[in-house]
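J.: Using the sequences and the hints, build the whole thing.
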Amino acid sequence: MRYHIRNLADAKPRSIGQENLFLAGGLMEYEDQKRDHRSWMDWINLNIDNAKKLYKEVGINLGEITRKLVSKIIEELRFFISKLTPVDFLCGSITFGIISFASLFLVAGIGLVSYQIFLWIKDGVWSEFTVKIVFNFLFEGTPVAQWLSNPESWFGLQKILEWLLESIPLSVALIVPSIFTLVGMMCITIAAL
82 MRYHIRNLAD AKPRSIGQEN LFLAGGLMEY EDQKRDHRSW MDWINLNIDN AKKLYKEVGI
142 NLGEITRKLV SKIIEELRFF ISKLTPVDFL CGSITFGIIS FASLFLVAGI GLVSYQIFLW
202 IKDGVWSEFT VKIVFNFLFE GTPVAQWLSN PESWFGLQKI LEWLLESIPL SVALIVPSIF
262 TLVGMMCITI AAL
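Numbering (this note's numbering), first residue to last: 82 to 274.
None of these hints come from the bench; they were simulated from the model. It is possible that part of the hints are untrue.
Lysine-lysine pairs mimicking DSS-like chemistry, simulated, CA-CA at most 27 Å apart [stated by the list, open to error]:
#1 K153 x K133
#2 K203 x K213
#3 K134 x K149
#4 K137 x K153
#5 K137 x K149
#6 K240 x K213
#7 K164 x K153
#8 K133 x K149
Computed beta-carbon distance windows for the label pairs [said to hold, decoys possible]:
#9 A226 x V206: 25 to 35 Å
#10 V264 x F220: 26 to 36 Å
#11 G237 x P167: 46 to 56 Å
#12 E145 x F220: 52 to 62 Å
Just so you know, these numbers come straight off a predicted model, no measurement behind them. Quick reminder that beta carbons are idealized off the backbone N, C-alpha and C, glycines included.
T.: Structural data, given as structure tokens:
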């Protein structure tokens, strides 16, 4: 299918619709041309073949880049580790242990918040988990728990502790200290380098 625009000087409008076409830039005549759908299919197949070749080359190049990157990282690590002393290994192990422990608490806090969100979406009610739940679980039957439930002295301290245990969410008690610990350990590590 093809449209040809005739010369504006030769164009004479024959109706209102043709007059509008004339104003838009000239009369257009429709000419039906037979098109073979195979040319489109050939074009699509050619581009699919090109895309396959590109994908294959990208895979090969990414594999090569990854191999070079891994070998360079291994080489740098061997050089770096060869320069460390036993004190460095001890400090690094302690730092790694603290960071791992803080990360464990962070993941537990995020997991608890995720569980609370799941329950809230399911039931429509926000379930509260306070530090007092963990305190009662860990210290049930101990002198500290007995003092907290029935103090004979230090009444003000008992009120403060009871208020803290009942008002601080467990997720906050897990997440906030772990974030501060992780940031602190990263600062110490950066300062040590």
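J.: Run every hint past the structure and note whether it holds.
T.: Evaluated hints:
Distance hint between K153 and K133 is unfulfilled; the C-alpha atoms sit about 30 Å from each other, more than 27 Å. Only pairs whose Cα atoms come within 27 Å are accepted, and K203 paired with K213 is accepted, the gap being roughly 25 Å. A hinted pair counts as satisfied when its Cα atoms are at most 27 Å apart, and K134 with K149 qualifies at roughly 23 Å. Under the criterion of a C-alpha separation no larger than 27 Å, the hint pairing K137 with K153 is consistent with the structure, at around 24 Å.
At most 27 Å may separate the alpha-carbon atoms for a hinted pair to count; K137 and K149 meet this at roughly 19 Å. Taking the CA atoms of K240 and K213, the gap is near 13 Å; set against the 27 Å cutoff, the hint holds. Straight-line distance between C-alpha atoms of K164 and K153 comes to about 17 Å, which keeps the hinted pair within the 27 Å bound. With a C-alpha separation of about 24 Å, the suggested pair K133 and K149 falls inside the 27 Å cut-off, and the hint holds.
About 28 Å separates the C-beta atoms of A226 and V206, a value consistent with the hinted range of 25 to 35 Å. Evaluation of the 26 to 36 Å hint for V264 and F220 yields a pass: the beta carbon distance comes to about 30 Å. The hinted range of 46 to 56 Å is satisfied by G237 and P167, whose Cβ atoms lie roughly 50 Å apart. Checked against the hint of 52 to 62 Å, the C-beta distance between E145 and F220 comes to roughly 59 Å, which is consistent with it.
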